[in-house]
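Participant: Single-letter residue listing:
Number of protein chains: 2
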Amino acid sequence: MTSSEQTPTPSAFPEPDRIEGGAPGDRPRLVREQGVTSPLGFRAAGIAAGIKASGAPDLALVFNEGPDHSAAGVFTRNQVKAAPVLWSQQVLTTGRLRAVILNSGGANACTGPGGFQDTHKTAEAVAEALSNWGTETGAVEVAVCSTGLIGDRLPMDKVLAGVTEIVHEMAGGLSGGTDAAHAIMTTDTKPKQAALHHPQGWNVGGMGKGAGMMAPSLATMLVVLTTDAAATPEQLDTALRRATARTFDRLDIDGCISTNDTVLLLSSGASQIPVEQADLDEAVFAVCDDLAAQMQADAEGVTKRIRITVAGARTEDDAVAVARWVARDSLVKTALFGSDPNWGRVLAAVGASPVRIDPDLLSVSFNGSPVCENGCGVAGAREVDLAGPDVDVVVDLKLGDASASVRTTDLSHAYVEENSAYSS
Amino acid sequence: MTSSEQTPTPSAFPEPDRIEGGAPGDRPRLVREQGVTSPLGFRAAGIAAGIKASGAPDLALVFNEGPDHSAAGVFTRNQVKAAPVLWSQQVLTTGRLRAVILNSGGANACTGPGGFQDTHKTAEAVAEALSNWGTETGAVEVAVCSTGLIGDRLPMDKVLAGVTEIVHEMAGGLSGGTDAAHAIMTTDTKPKQAALHHPQGWNVGGMGKGAGMMAPSLATMLVVLTTDAAATPEQLDTALRRATARTFDRLDIDGCISTNDTVLLLSSGASQIPVEQADLDEAVFAVCDDLAAQMQADAEGVTKRIRITVAGARTEDDAVAVARWVARDSLVKTALFGSDPNWGRVLAAVGASPVRIDPDLLSVSFNGSPVCENGCGVAGAREVDLAGPDVDVVVDLKLGDASASVRTTDLSHAYVEENSAYSS
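Taken in sequence, the protein lines are chains A and B. Every position in the first sequence, counted from 1, becomes a number in this note's numbering once 34 is added. Every position in the second sequence, counted from 1, becomes a number in this note's numbering once 34 is added.
Treat each hint with caution, since some may be false.
Heads up, the list lumps identical chains together, so a pair's fine if it works in one copy or across two of them.
Cross-link-like lysine to any residue pairs, in silico, SDA-like; alpha carbons within 20 Å at most [stated by the list, open to error]:
1) 432 with 113
2) 432 with 101
3) 432 with 146
4) 224 with 89
5) 192 with 87
6) 432 with 312
7) 224 with 151
These aren't lab readings, by the way, just hints derived from the structure by calculation.
Bound conformation, chain A alone:
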């Protein structure tokens, strides 16, 4: 059991580099202590509604006070979609959202027409409570997100009572966003928030939970992003798709694709500052990238943060496909858990990928040390020290100029333990 004794706990991970630099006001500044309520025009809350048997917080609300209500979303590619995903996809076709209600403690997936009615009723209850509170709201302006065990109906009495309570709890300032970030946690050990302050005077904030999206873990990923920049639904949609394609979509903890993954971006326009697409793209990317790094560092059973970079590919899609294949390989992931520089497994994974490669050109390095050149091992390859918490694997295909990275983690005893006893 030496391999598990020497591994660091997730909390031992150092904070990754921030993208901030220069004097405040000079360049975009990224901070982690703030989330969805960092931009102007947003309120949020998180409460314990009794959905979780543990009594932990389990209901969150993000409310957009306006003046704008532009919104965009991306959702799981799984063909088995949870009821809240089907609902939220439908209401997002308007490009408008006033609120997002999120619950942990149950995924409301594989629950049939009854489960969909539960989602609809939840959205109606939020709309009614917000209307009573003074903001005329329709159910089609409320997105719903759920996360937790697949297959069980939600305790609707608790959800509906919680909705009434949470609308009264909404607060401005940072605490509402932080409370919301806590309330969406399932197997997460830490809340995940990030906010970017743009020198032009507008902001992007976000919160997330879980381990990935579109190819990631069943520790369902939910993310809500907010901005006070004045942006159209089309601008938000473009920025969101560009950001998620290079961040959450390249976070692959265990290759398992959730039924509930949802990423939403809401704009209040409260800064009254119109934004250029490129600036919005960059800001939304920065917040998504930081949330993805936080998810990787807190993924189930993680003892190593691993980045698989594939260079020299014919296309970026090829690079992602090969990197994802390596990132999902159980033998690569167990070897890295054991700090074992077993580069042959990386070559075997690359060769098994759906991308045509030339095995005699492959070169591989671990944390900057070459371990394989032109398909053969190099002297000292078995002595590379991988004991630290970060492992950088670079594979050069030498077939072109494209490259891409996928974030993953090791496959540890803790992953097996956590996932062998999740529903029982």
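Put chain B on the given structure of chain A with help from the hints.
Facilitator: Below, chain B alone, put in the same frame as chain A:
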């Protein structure tokens, strides 16, 4: 750690049903105490040549005395192919083999031109030793198989000295085949042999090691099959492809595709009985199927033997694709390790597969107990008892008449432990 305490050890697995039945001589009879030397016209040996540091047996030879020397082979689909695979594919183009030399203790993969020369020299040494022994043999009549760690050159002094010794050790009878089956083991805990006696008077024998092929484990799979039926290379090739497509190709322990997987079928024709294609197909299938079951039961870290059956598919290929997707899902495999009937993970895996399905039609059963009907859980689904060593998962897509099964295992602490410390 309750999940690991209640799991059986691999040796607790009961022997699966034999296909034998009726009186001897009446129907084909399958036995496990015999292997490659069960058919007439074959000799074999297994010795410790010093390739493994442990001193365990590591070199095996299978020799076809004729009169025929027909042969066929199938090989890994990995683009990164070990030197012995490249060599054996080349010599097999003749449809003839006189001998197969196999070593454990090193895969001779990712070893460049030098590694290929090592394979060539090994085949030449076997040819020379057999010629000296009285059977004129060319290097192109000798297939080579290697298994073990990827990336290291073989200790050729020990391999070549071993070749000379092993030719002298060849013996008829069962012991030679059994010695050979022992000498090809790596992480296997048991040798794997099977033989089928056909009532028409001819026989098929086989030995194997490892966990699968074409999509299976890096615990490289090697299989040598022999028959004394009089059969052309074309007949052997047809029978072998048909058998492997439904046996080894549907054994998927961890989704990792080896650089060395090789399955060879050699015919001596010593029974002088010409065989019908259908009879040969059935016999080769039976031996392959039994060897695949033995590999599943002895796979790395196995505590459960799992069969994923997908019914109601549009095509058999669709059924295999969905079954394989479920068989590779880490969350399904960890849940079953914990005897947890978490059927939602099965639905999520089915929905994530590349086959278009209708989520509202899906039904799932565990060991015959329905747990999900038309995409929703059924009463009692969370109470299904999966504590035993075998789990039968049946998914009905209700889209057509095709079905297929894939064999896999659970994902256990032992798998992680074994694979986090393999090369170090």
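Participant: Taking the earlier hints as the rules, which of them does this structure contradict?
Facilitator: 2, 6 and 7
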